[in-house]
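These are the residues of each chain, in order.
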Amino acid sequence: MTTPTLAALAIAPIAVPALTAAGCAVAGRRTAAAAGIGCAAAVLAVAAGLGAHVVAGGPVEVAGLRVDALSAFMLVVIGAVAMVAAIAAPAHVAAEVDAGRLAPSTARRQGVLVHAFLAAMAIAVLAADLGVLWVAVEATTIVTAFLVGQGRTRGAVEAAWKYVVICSTGIALALLGLVLLNHAAAHAPPGTGGHGLDWAGLVTAAPGLDPGVTRIAVVLLVLGFGAKAGLAPLHAWLPDAHSQAPAPVSALMSGVLLAVSFSAILRVKVIADAALGPGFVRALLLGAALVSLAVAASLLLAQRDYKRMLAYSSIEHMGLLALGAGIGGAAATAAVLLHVLGHGLVKSVAFVGAGRIAQLTGTSRIDRVRGLVATQPGLAAATGLAVLALLGLPPFSLFASEFAIVRAGLAGDGPAAGWAVVVALGLVVVIGAAMLRHTGRMLLGPAPDGPGAAAAPRRLPRSTAVAMAAGLLAAAVLGVTAGPLAELITHAARTLTGAP
Amino acid sequence: MEPVVMSPPAAALLDVAAGALLLTAVLVVWRRDLPTILRIFTAHGLALGALVGVLAWAQRSVELGLVTIGVLAVRGGLLPWLLRRALAGAGPARREVRPVVNVTASLLAVAALVLLAFSVSVPLVELGESPATRAVPVAVAVVLIGLLVLVTRRHTISQLVGFLLVDNGITAAGFLTTSGIGLVVEVGVALDVLLAVLVLQVLAGRIRDTFGDVDLGELRELRDR
Amino acid sequence: MSALGVAGGVLQAVVIVGGAPLLLGLMRQVRARLEGRAGPGVGQPWRDLRKLVRKQSISPRGTTEVFRVAPVLLVAMTLVVAVVAPLVTTASAVPPVADLFVVVALLAHATVVIALAGLDSGTAFGGMGASREVTVLALVEPTALVAIFALSVPTGSTSLPTIVGTALDDPQRLISPASLLAAVALAAVIVAETGRLPVDNPSTHLELTMIHEAMVLEYAGPDLALVELGSAMRLSVYLGLFTSLFVPWGIATTATPLALALGVVALVVKVGVVGAGLAALEVFLAKLRLFRVPELLAGSFLLALLAVTTAYVLG
Amino acid sequence: MNAVGWGLVSAVVVALAATVAALAVPRRHRPAVTGVGVVAAGLLGTVAGVVATTGTTWSVARPDLLPLIGLELDVDSLSGVFLAVGGVVAIAAGTYAIGAARHGLDGPGVQAALPAFVASLLLVPAAGSVGTLLYCWELMALTSLVLVVAEHRERPAVASAGLWYAVMTHAGFVAIMVGLLVAAGAAGDGSFAAIRAAASGLSPAAASPAFLACLAGFGSKAGMVPLHPWLPRAHPEAPSHVSALMSAAMVNLGVYGIVRVGVDLLGGGPSWWWVTVLVLGAVSAVYGILQAAVGSDLKRLLGYSTTENMGLVLVGVGACGMFAAAGSRALAGLALTAALLHVMTHAAFKTVLFLSAGSVLHATGTRDLDALGGLRSRMPVTTAAFGVGALAASALPPGAAFVSEWLLLQALIHGLPAPGVVPAVVLPLGVAAIALTAGLAVATFVKAFGIGFLGRPRGAGAAAAAESGPAALTAMVLAGLACVAAAVCPTLVLPTLAEVAGGVVHAVPAVSGTVAIELVGVSGVLSPVLLVVTLIAAAAAVVGALRLLARRRDRRRARLWDCGAGPLSARMEYTATSFAEPLQRVFDDVLAPEQDVDVSHHEESRYLVAAVSYRRELPDRVERRLYTPLLDAATAWGRAGRGLATGSVHRYLGYGFVTLCGLLAWLVVTR
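Protein chains in written order, with this note's numbering: chain A, 1 to 500; chain B, 501 to 725; chain C, 726 to 1040; chain D, 1041 to 1711.
For the record, the hints were derived by calculation from the structure and aren't laboratory data.
Note that the structure is a prediction, hence the values are computed from the model and not measured.
Just so you know, even glycine gets a beta-carbon here, dropped at the ideal spot from N, CA and C.
Interface residues of chain B toward chain A, partial, derived using beta-carbon atoms under 10 angstroms:
| hint | residue |
| --- | --- |
| 1 | V643 |
| 2 | L660 |
| 3 | G662 |
| 4 | F663 |
| 5 | D667 |
| 6 | I681 |
| 7 | V687 |
| 8 | I707 |
Please take these sequences and the hints and turn them into a complete structure.
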């Protein structure tokens, strides 16, 4: 592939959503919906092309962007989840507009912001420079703040405030970490690395970085990007924001945004491992993983709100990712990446389902929803399967990734990872029990009899059904065979474990 | 990057600016009257600008001089102005009435945080020792103090101030260690911070509209308990 | 299948079927005499059976074939045990069936069949009898099996001919503590299984206390005859087994007519003596309250368990 | 690919095709399509299993399937046994399912889950690596969960049972995963062959936790006390053919796992592992049958009986391991043969019992024995089927379970001369447990059959019952015939099973013979065929003699003896509760029943009683003592956990701030 083509391909995942955003500002609702799907498809296609190129020919640096296996893979995740969200969004928006909860102008703005959000995430995964990566991640906060606060209700405003304050503070810590890393890089022995915060350069320079400074920087970076990734201790914005944002946006935030931020931690880890040895980041990540899992378990046990339940489940899965990353090694890292994709697909389906349930019942409280299987068989089946998939049941790919993480933890060197895995599994069981209990209450049982019980149509809107089925099917297929993605994941894992 | 060679007067000026940075940060914790806090915050921004200016002068760097102007304009002018406007729109409450932790305890905490910042920063100072890096602990301390303000203050504007203190501290740290982290990133960071503040300002207005108050302690709609 | 076995099988069937009612008569007579009554004579059970067989069969309404088949099965199962167990000869007519577990379980199965018949009648008495009988059975089974275990550990087999043969070859084994404990435990099993005092009183029809009689209350005519005969055979078979296991002397080891005759006589005498002793003992016993019965059975279970442990420690 | 491979692969393909078809075809044809699919898959699986038991092995590795895991199948003769058992049960259950679908079970989800469940049932024993095993295991959990909650609209208990099942099976899965992966980690590879090869070099510090974790997980699936509470909930609440599949086929896989991991992969291990297994098995057997003996819910009773029977199997497995550890391979083979035979016979009679219980449930609308009775005339085939099953289950000759329990007892009896104090204590206790179990099993099934089917109807549902449709009847007859076959000629399969068991423990087959079961190496012989023949001959003799002697051949119908007090009503009959009352009294201290007597008096006088209400509940004591505190703790945790999210943004920021300060301080200290 020629350089200009490559440059165009590399810029496309940013440019296409940005253009779509601009287009949404002027286009009608129907056109915007089609554009959204087209945009997601384009991102997915470009990601596939880049992935193939990267697998065959190694990483490419072009126009300040760096396309390696990890960024190509993350683009796949963005495209896939965006596809689910884009298919489901029009029906959701239409229902909101019909119900009078959403002004048409706000709906239009939502389209603009969502695509700007996609563009920002694309920049974040493609950035060659960690500073640019930081800017892009912070940009996602700003863009999504209005999506979270879109409802203008007390809850929405409150969620938006907490979201912006906590995330910006957290990400500010990451900025301090970058500053310190830059400091360390500036004083690295000459000739060992590149310049400034260029990731590839930092990786090369890493063995020469001052350990004292790098330690502080890494702590700040993990904590800071961890905030945006929904890892404890700065996780608390997540349930608020995800429960208040419109369902398709929640799907995107939970499905990709967290993962994009987590990929930043993965990139930092490469540098830190080379500079400090693998033990340091492992301790940090295992700690964060266990605390996140414990927090998720504590709050899921007596959860009363199903959207928050899904949000805490995201914290759980981020904890599992941190666990896998903490264990380290090519196998665990590959598992982490597969988990990112699987979780993105399934969680977006779950949020789409939760959004539909909320529209039908007018409540997000678990105890007010009853007998969904009886009243809404399709919706209930898809949501139920999504929750089961989130618990790591086959045939969905989360089974494979969780299994591989556990396998790596128990086979790895040192008992720390093994014990962490055992404790984590205990918490996962508790979380599973809690989620099963809550979901079971909503889905099972006879149809509720009461006013308005029979008013809603039994069938899902076609587009919602397609979105949910597609997401679940993709996750299931991925659990049986990853096809060409397996190669990409292997390459990405190799990128992240320092191997060439 | 070669270590910054700095003349003694420049070093002294740098120390003064750094001292002012820390002092104003402490004062923000100390005072409860919001207009006063905003004035102190303006001073804080100006001190940051001065610090960058000293660095520019010491390095004889025109580029850094231009950055100084930018920093002064944004940190000493635009952001305080935005905050003042927000405060004007925030209704009658002009005092931080009931901080989550009272002022005395906060000041003691500040002392502890400064000590922590200084001891943590030892490796930062040791790596490429220079007058500039010797001031890095101050920047770290400012970050921690800013976080303390964020954690303990209830007024929307106070929390914004805390956030900006953190940011100023980080900016200071950036300039003191390596004279910045690249222009694109620098501008991006500044833009992001500015946008974040704008967003928060808008949200602060909405909070007042929907909750009828600017006390962040009232934001308890979304909770599990 | 040896000649000795076949001869034994035939002889045993004849002796048990013919002798069981007589044993019952003997026991009643002993009891009557000891209680100062004249008694109806040893042949009375046979006379009762003859009378019953001549009557018409009756099926109460609502009962099913379970009710009708049960008496036949009761007798048939007991008969199988009488044929295969080594009572007159050490060899068995059908060696692969002459297992101690099989024999005991078959006898228990006969009880189960009658209990089902009791439930099939759908009366309160039937249910009550079945419930009590099955409870006792459930508690007796463990004792029986563990006692068998104790007996079979020294010989390394549960095959009855082997056990009896070993005992004959090595009589010292019979007076070992394990054997004695097992004997006592098995005695308790037999008392409970055959519905003798103090577990059940075979001569009462008092509704609060009866077990076996309650189950068969609906039977009349030939069916009742079979039930009575079956019960009598159970008693004989159990006592015969007991004597073969613990007092095996006199049992025929060769197929000569003399040995066989001696075997028959020995069996009749041994069972008669044990039966008479049992009857004599019953005179001095009161029936236990139903809910004290488990204590007795728990005690025998403990003895059986001790027998096993002793068999291991001392054997 | 040999016959095993073809059979297995085509079984799975057929089942999955049926799953897809269930989602595609219209409701009208759905039950037939899935039913036929399940039966076909069962047949093919049986063929594969039977061929495999004869020593044909088959293995395949497809690393491109199941990303990060890799599909590895490895069928040997031990797999074959469980494959065949699962297949046979699937044939009966699939047949039954065609008829059961009209009771509200023809939805696409339920119908699609059934063949998928069968496919996973067949795949679990065929798995050849840790990953594949766990994948199929969880697939089995998922599909069976969908089936367990199929009737959630009818009864609220279904959802609760589903939750118990889901949570416990998930926890069990995690335990197995940890155990197997610890072993795999120490071996360096997850394939069974690699673990087997590395077993001798495995340190006890790795092997013992691995085994115990696997024991907990697999044991829970087998309903082992104290990890059983899901079983008596889920098995009764599932549709009956699913109950049959779960109780007769799925629980076996727990046993399979213990044997596969403990005996095969880890190479036996120390004696105390197996003492643990044996003791847990004995406790399960006694506890399970005790609960069954005093219960009055027909399907719950059958569920507890599953715990009992799996307990007996575990006693056999434990004895096998103990003997193997002590070096007596022949006895180990005998014990394992007994365990495998009991797995088979249990599968046969539990299938027929659950299917006929389901038939009763559909006909009468109740599972409560206290409301049943008098079904003999209304449902003759069902009654006969249940009777056959009950005979088999109560371990009386000539029943199916008698043979396997006899074999088990033989193993224990011949094992006693083994050296050491532990066997001297454990083996007699094992025998005692089996003995107690046998006695209580008799009581249980006399009650279930006698009260449930004989006598006169105790409720309106039972009085209005009608026989089930042809599909259900066919299924019951098939399963009943299997029971009869297992009872009369177990020698058809026993030598093969003995060969399989001998292969697992590296010993010569412990059993031979065609007419009689002849033990090899120790003395012992039993011939069920001859027993049956003798019994028939004796019965014929009795009938003949009676005909000869009796004067009058005709029978007269007569009134029941009602003490002259007028016709007997159904309320005068003994119920299941009253039937079990003496037993309950005997085991009062173990069962700890909760009784309530409320006496309300007349207003006029305190001496006149207006009404007495009596309520008795028999809570599962293990559950009460072990799980209730656990659930309370979880509730308290959840309530306390909410305190983490108070809504205060300061608090939320504070979490991060405090952590940051702590980490920085840590950095300072550890510098």
